[in-house]
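Residue numbers (the working numbering), protein chains in the order written: chain A, 1 to 273; chain B, 274 to 492; chain C, 493 to 711.
For the record, the hints were derived by calculation from the structure and aren't laboratory data. Errors might be hidden in some of the hints.
Pairs of lysine to any residue, SDA-like flavour, derived with a Cα cap of 20 Å [to be verified]: (1) A:243 x A:204; (2) B:363 x A:171; (3) A:261 x A:241; (4) C:582 x C:612; (5) C:582 x A:39; (6) B:363 x B:342; (7) A:261 x A:222; (8) B:445 x A:172; (9) B:363 x B:331; (10) A:138 x C:612; (11) A:261 x A:235; (12) B:445 x C:640; (13) C:582 x A:136; (14) C:582 x B:448.
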Amino acid sequence: MTEAFQPNLDFTAVEQVDAREAFVVDLEGYEGPLHVLLALARTQKVDLLKLSITRLAEQYLAFVHEARRRNFALAADYLVMASWLAYLKSRLLLPRTEKGKGEEPPAEEMAAALAFRLQKLEAMRRAVEAITSRPQLKRDVFTRGDPEATVIVPSDRIDASLYELMAAYVTQRRREEQRRYNPGQRVEAFALEAARDWLRDILPRMDQWTPLDRVAPERTDTDGPSQASFTASTLSASLELVKEGAMDVKQATAFAEVYLKRRGQGMPLELTP
Amino acid sequence: MIQFAPDDTEIERRVEALLFAASGPLSAAEIARRLPEGADVGGAISALRDRYQGRGVELECVADRWRFRTAADLSFMMTEEREEPRRLSKAALETLAIIAYHQPCTRAEIESVRGVSLSRGTLDLLLEMGFVKLKGRRRTPGRPVTYATADRFLEHFGLSNLYDLPGVQEMKAAGLLDLSIPVGFEVPDPSRATDNDDEPLMPGDDDSPEFAQDFVAED
Amino acid sequence: MIQFAPDDTEIERRVEALLFAASGPLSAAEIARRLPEGADVGGAISALRDRYQGRGVELECVADRWRFRTAADLSFMMTEEREEPRRLSKAALETLAIIAYHQPCTRAEIESVRGVSLSRGTLDLLLEMGFVKLKGRRRTPGRPVTYATADRFLEHFGLSNLYDLPGVQEMKAAGLLDLSIPVGFEVPDPSRATDNDDEPLMPGDDDSPEFAQDFVAED
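All chains should be built: construct the whole structure from the sequences, respecting the hints.
What follows is the structure in C-alpha cells.
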C-alpha cells in the first residue's frame, strides 16, 4: 500500500498544486483533516458532487508533504487521512479486476461517501454563516431596556437546566472531597466507653439528684471533644446504666434539666464548685 | 453603513428604538446626541406621543425625560396577573441535585454531602414544587424519612426516566470534571438504587401536613 | 374595576401592554391567560405585528413566543446598550450548527460530521451559555446522551422555531441532515481504532434514520 502512493509524493505534484492554487499551509485555520479537504475541494471550483476525489487526494498529499517540509507538527489523524487517501486513490486508479477483499465497498462508493461528508461539513459551514448573519440579540436587536416594575414573568418556566443540575452536583461533591481532607474540621467525640467508665467511677457518690451538666466531665483540652459531646455521651451512658438498674434519671418536663441519681447505697457526691 | 440624511419618519423610528431600548428615561438632549446633527427631536417625540396616544403603551414625560410605559388604565393587568418567579435558589438546586443522584436519601445524608445544614424551606419548596417527594423511611435508628425525585422533576428536565440522568461520562464531556477528578469519584446511578433498606411510608404519611411541619421544626 | 367585554381594539391594546411590560418573550397561551375568556389573541398579535412593521420597534416571534425588539437596521445606534458578546470560536459555532440541524444528536455524531474529536470547552461553553441542552439518551448500545438546542438559542438568533433555521428544508431534501453515511465509509481514526469491527449496514438503514424516531420517542 505504501508503495502504491509513493509516486504521488514527488515534487512535481507539490509544485504543480502550489503554483496553481497558491495554497498556503496554515494549520491554525483548520480543525482537522476534513476541514483541510474541504478547503482544498473548494479550490477545484466545482460542485462537491462532481469533485475529483483522485485530484483531491493529490492535493491533500501535497498539503501534507508541504506541511512536513516546513516542519509543521502534523497530528496523527492528518497522516492517517493521507495514507487512507493514497490508498483510496490507488484503488480508484487501478482497473477493477477482482472483488477486493470481499468486505470492502467499491472504491467509487468510498469516494462518494467522502464527497458526501464534505458536502455535509460544507452545509454546516454555510449554516454557521447564515445563522451568525442574523440579527443577534444584544448585538443588533434589543429588547425593552427598562421593563415595567411589575414584571410579568412567564410562569411556567423554571430557571434550571440539566446542565445546572449536573454542575450543582459536581460542585458539591468536590467540596465534600475537600472537606474530607481538612484535618482541622475533624470532630472529636467523647467516647461512650469513656463516658461509661466515668459514670461508674463517680456513681458511688451520686446519692442525690444531680443535674446532668454537673455530672458530665468538664472540658479542659480545647483540641478535645466539645462540652456538648461530653454532656451528650454522659447522658447516653447514664441511660445504659439505668437499663442495667444502676441508676435513675428524671426530667420534669421537656427541655427541663435532667437529673441523675444512683440506685441503692453509695458515697455522697462532692460537687465541683 | 451608508446613511443618507434621514427624513422625519426615519428620525421618529430611531427615537422610538432608542426610547424602547434605553434602561431609563431619556432627555431630548440625550436622544439628540445619538441622532444626526440637526434632527428634529422635539418633532419626533411629539409625533411619537400622538402615535401612541390611546394605545396599550404610551410615551410619558417625567422630569423632562421621556419613556414608554404601559397605559395607566391597564395597570390592573400588570399587578393582578403578576406571578411569582419560580427561580430555584442555589441551595435548592444543590439539594435537588443530591436527591436526584443519591435517592432515596435522608435529610442527614443530604447535609453530609452539602456540608451545611439544610435551611428551613429548601426541602419544603422542592416538595411543594413537586420536584421531590417523600419516599419511605430508612430502617435505621430514628427511622428517618427518605426523599426521592417526583415525576415533575423528570418532566422539567426532559428525562424519560432516572436512567437518563447524565453520569460521570457526561460530566466529563461537559467539562465539569476535568483536571482534578477526586480519587474514586463515583456518581451513583439512581435507577439502580435499591429500596431494600427502606420501608414504605405509612398511609397518610406523605400527605399529612403535620409531618412536613414536624420535619421543618427539626431545623 | 368593572370590565365590559373588551372589543378587538381593546384586546390589541392589552396584548401590546403585556408584551411591552414583559421581561421575556410571552407565548400566546401566557398572554391569553391574562385576558378575558375567548379573546382573540392570535388576531391581536397579527394586528400588532402589522402595526409595528417597519417601525423602530418590531414584534418578533422567537422560540414560539412573542417579543418586541428594536429594528435590526438600527443596530448602529445602539452602541450604549450593546453588550460585548462572548465570542464563540469557529469550532463552537460549527458544533452549535450541527446540533441545531441534527438534533437531538450525540457527541460521536457531532465528531463524525466534523471529522475531529470535540475539544474540551466546546460543548461546555455552549451548555453554559444556555444555547444547548442535554436532551436525553439515544436508545442504542451505550445509551449515549443526546444534545439539542435550548430556547435561548432561538431567542438569541431571533428564530421563531427550529423549522425557521436557514436552509433547513433544502438540506433535508438533499439528504444532508441524515446522520448515517450512505455507504460503509469510515475514515480510519486512530482514537477509535476498534470501529473497524462495525457490522455492515443493514439494507434500508439509510432511508430509515433511527434518529428521527428517537426525536419522537424521547420527547
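Consistency of the hints with the structure:
A hinted pair counts as satisfied when its Cα atoms are at most 20 Å apart, and residue 243 of chain A with residue 204 of chain A qualifies at roughly 17 Å. Distance check on the hinted pair: residue 363 of chain B and residue 171 of chain A sit about 11 Å apart at the alpha-carbon level, within 20 Å; holds. Between residue 261 of chain A and residue 241 of chain A the alpha-carbon distance is near 11 Å, which keeps this suggested pair within the 20 Å criterion. For a cut-off of 20 Å, the pair hint linking residue 582 of chain C to residue 612 of chain C stands: about 14 Å separates their Cα positions.
Pair hint residue 582 of chain C plus residue 39 of chain A holds up; C-alpha atoms about 15 Å apart against a cutoff of 20 Å. A hinted pair counts as satisfied when its Cα atoms are at most 20 Å apart, and residue 363 of chain B with residue 342 of chain B does not qualify at roughly 33 Å. Distance hint between residue 261 of chain A and residue 222 of chain A is unfulfilled; the C-alpha atoms sit about 29 Å from each other, more than 20 Å. Taking the CA atoms of residue 445 of chain B and residue 172 of chain A, the gap is near 16 Å; set against the 20 Å cutoff, the hint holds.
The suggested pairing of residue 363 of chain B with residue 331 of chain B is violated, with an alpha-carbon distance near 39 Å, which exceeds 20 Å. Between residue 138 of chain A and residue 612 of chain C the alpha-carbon distance is near 27 Å, which puts this suggested pair outside the 20 Å criterion. Under the criterion of a C-alpha separation no larger than 20 Å, the hint pairing residue 261 of chain A with residue 235 of chain A is consistent with the structure, at around 12 Å. A threshold of 20 Å between alpha carbons decides the hint, and for residue 445 of chain B with residue 640 of chain C the separation of about 18 Å falls inside it, so the pair holds.
Restraint check for residue 582 of chain C and residue 136 of chain A: the C-alpha separation of about 17 Å stays at or below 20 Å, so the hint holds. Between residue 582 of chain C and residue 448 of chain B the CA atoms are separated by roughly 19 Å; this keeps the pair inside 20 Å, and the hint holds.
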